[in-house]
Amino acid sequence: MALIVLNNLLRILFLILLQALVVSKILLLDGLILPWIYIFAILMLPFETPRWLVLVIAFGTGLVMDYFTGPMGLHTTACVVLGYMQPLIQRLLAPREGYEINERPTIQKMGLPWYLTYGTILTLIHHVVLFFLEVLRLHDFFYTLIHVLLSVMATMVLMVLGQYLIYNSKPADL
Amino acid sequence: MRNILALIQRFYVTLAFMGLLALSLFMLFSSNNYHRSAFVEHSSDLVGKVYNQRDKLAQYLRLGEINDHLALENARLRARLPENYLLRDTSTGDMLDTAGVLRYRFRPARVINATINRDMNYLTLDRGSEQGIQKDMGVIAGQSVVGIVTSTSDNFSIVMPVIHSNFRTPVRIKGFFGQLTWPGGSPQRAQVDDIPKHARIMPGDTVTTTGFGFTFPAGQLIGFVEEVDMLSKESFHVITIRLSTDYRKVNYVEVISDLMRQEIETLQLRQDSIDGTDRP
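Quick note, the sequences are listed as chains A and B, same order. For the first sequence, this note's numbering begins at 14 and goes up steadily by one. For the second sequence, this note's numbering begins at 3 and goes up steadily by one.
In isolation and in its complexed conformation, chain B is listed as follows (with noise of 0.2 Å):
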């Protein structure tokens, strides 16, 4: 017993180290997948403030920027009021049919912090359950994609972008479908796979969102095709983009919820039951 408290009294140091770094470890590992789960529940009213203070300056410092943007967004929304547009004949009105029924609602809502140099990026909202927003909601910025709802506290919420080694989403690229992923590095690139070898991609075309599931409407921007490989064997193109959010000024977003997720998921569930199948 007393060589025991000896040597732990020699090695505490060295014990003391280990404990702690076994405990850090631990912690890495366990919250790897999630580990901003942890960061909302724990922090975010703390550090929540501090980078609403934080963002609080750094906007008023580019106030100039967020006005040019702004009045951009409103002069392309008054082009769509009704008065704009001549009637020449009732049956051909270009007039923008508000008489459908409403599937997207947009919430507004505010980044305040934003990382963009890591392998695993997120951006924070200052709207959270509360709010109204809730898990794998899609984030947009003006017309162009910015991400997915990750998770929520009462007044903050976590966003997944594209620039996450993590982030998937279908894409359409001229009619074809493939996968939009980021392999890391620059924050201004991603890649999109699956999209067959016959398909005839340039330089320049518009990447946009399918409208498939309930993230995001269809034909949001996500970026335009900047290389596309032509030498690979394999019989899909490996295409890169270039992202058309900007993630260093990203500012104002819009967070959209779909209002007829579970009428479409009730139907598709019942379908699978008559079917006997399971949809992932």
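The shape of chain A in the complex, shown without the other chains (with noise of 0.2 Å):
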């Protein structure tokens, strides 16, 4: 158990000092595309994670994200929709048996259409919230919306990769 948690906390600081150090310091197209993958740590947590749990890490890691990033309460309030919405996803997502029990969510188990799904909505709903509170203006809306897509694309893409490189034990049979 103890294990879980260590293993968990040291994702979401990993994930949290690659995005400030790394991530963020990449501009694509003026900035147009501009990937959050520290939320991969919110997606990652294991299925039985109890709700409340995960609001309270989804906060932790949007206030630490705003540390270092700025403004206070931005990343904050896009991660708190995010792990208010991460339980919900799951629940509309579960497969008929139910999930297994210890079992965290990655393609080898849940296989690449189940994961696209799961991380697209979720990434979507995290990235319009982000985006649409730092601009808050509706002029650019579509400047925004293209913003917005291009970035979830380019998130998806680097969690997609990233459990490719990192958990390569097995690759699931789809």
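Heads up, some of the hints might be wrong.
To be verified - Here are some chain B residues pointing at chain A (derived, C-beta under 8 Å):
| id | residue |
| --- | --- |
| 1 | PHE19 |
| 2 | MET29 |
| 3 | VAL49 |
| 4 | ARG56 |
| 5 | ASN119 |
| 6 | ASP121 |
What the hints assert, rightly or not - Straight-line alpha carbon distances no greater than 16 Å define the calculated EDC-like cross-link-like pairs of lysine to aspartate or glutamate that follow:
| id | chain 1 | residue 1 | chain 2 | residue 2 |
| --- | --- | --- | --- | --- |
| 7 | B | LYS58 | B | ASP128 |
| 8 | A | LYS122 | A | GLU61 |
| 9 | A | LYS38 | B | ASP57 |
| 10 | B | LYS176 | B | GLU228 |
| 11 | A | LYS38 | B | ASP248 |
| 12 | B | LYS176 | B | ASP195 |
Just so you know, the hints here were simulated from the structure itself, not pulled from any lab data. In this text, a Cβ means the ideal position worked out from N, Cα and C, and glycines have one as well.
Once you've looked at the hints, go ahead and assemble the two chains, each given alone in its own frame, into the complex.
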């Protein structure tokens, strides 16, 4: 149990540092594509994590991210929404026999189509809240929309590639 | 009472969500204008250290480029040495007159973090109030304008660069005065307004600071005119300029302090009290 907690904490910390120190420095198309891969930490929480705990972890993750990039509260808000939605989306996408105990949502376990649906929905929710809150203007609605969509794609590509790189023990049979 | 407890028990996740959402939205909107100040006060030491370490590594990887830059600057400065000037006639010496009174002091600083892909971008410098940096000082890199200091902690300071949606500064193109703003989008372009239509502005013209106020000396480079819209019916040009500072690469900067600020301000204040008007 303690190992699982430590494991998840380290993953969150690593992803925040990776985000702040490397990924946020990448400038693609004058900043139009801006992946936020640190939310991978929240998407990766084990299935049986209590909902309140997901919320609290998401809140904490957002807060630390805000300390790195600011303005205070921006990532926190987006992460709280994400943390609220994550168990709901998991329930929505649950297979008929339910999830296995002690399982995490990975491509290897759940298959690529399942993961793409799961990841894209949640990334989209997070990015929509984040980008629209940051701009807080509707006059460049379409610019922000394209910004969101391209960034969601970039985040998903990084998350999927990252999983194949890190958990490459056995490819899932699709 | 029992009903309320039962209700809370049933919806506690949603209630917790509402609470945390309200808290984070409150943080966002209560700190919107000067949100970076909060960042400096609370976290500059830890986050500043992390960014400092990262920057050391990144700098190591770019030593060659920085070297070229410094060599170029050395060459430019060496060209100004008095030994390079041949004095044909004592009355028409081209020598740099160093007997004048110093008005601007330049303090070197290093950029340890920069955002460029937001609407409100910021740079973090590794010098703060203990090293003499104060709010509202101008920041330049080489000869070109970078931004204005907005807040400082003991050892770090935050700079609002030209590429921030709230940045404003008066500029000069061919003797006409305009206002520089950044409309968002590309970190290499900005916009100049308020230049009257009768000014014949051409692509390639230099955009410089005016020297008004206490932030920048006159004649600091900001960029070059890229496009002048001829079609708008307004009586002022809307001019797109290419910024001379490359924010992706800005590394060493100089912070400018105006040593005569107090004297000028006192003088203006005295004049204002004579006139009985308020200067903004």
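Would you pick out the hints that fail for this structure and give their numbers low to high? none
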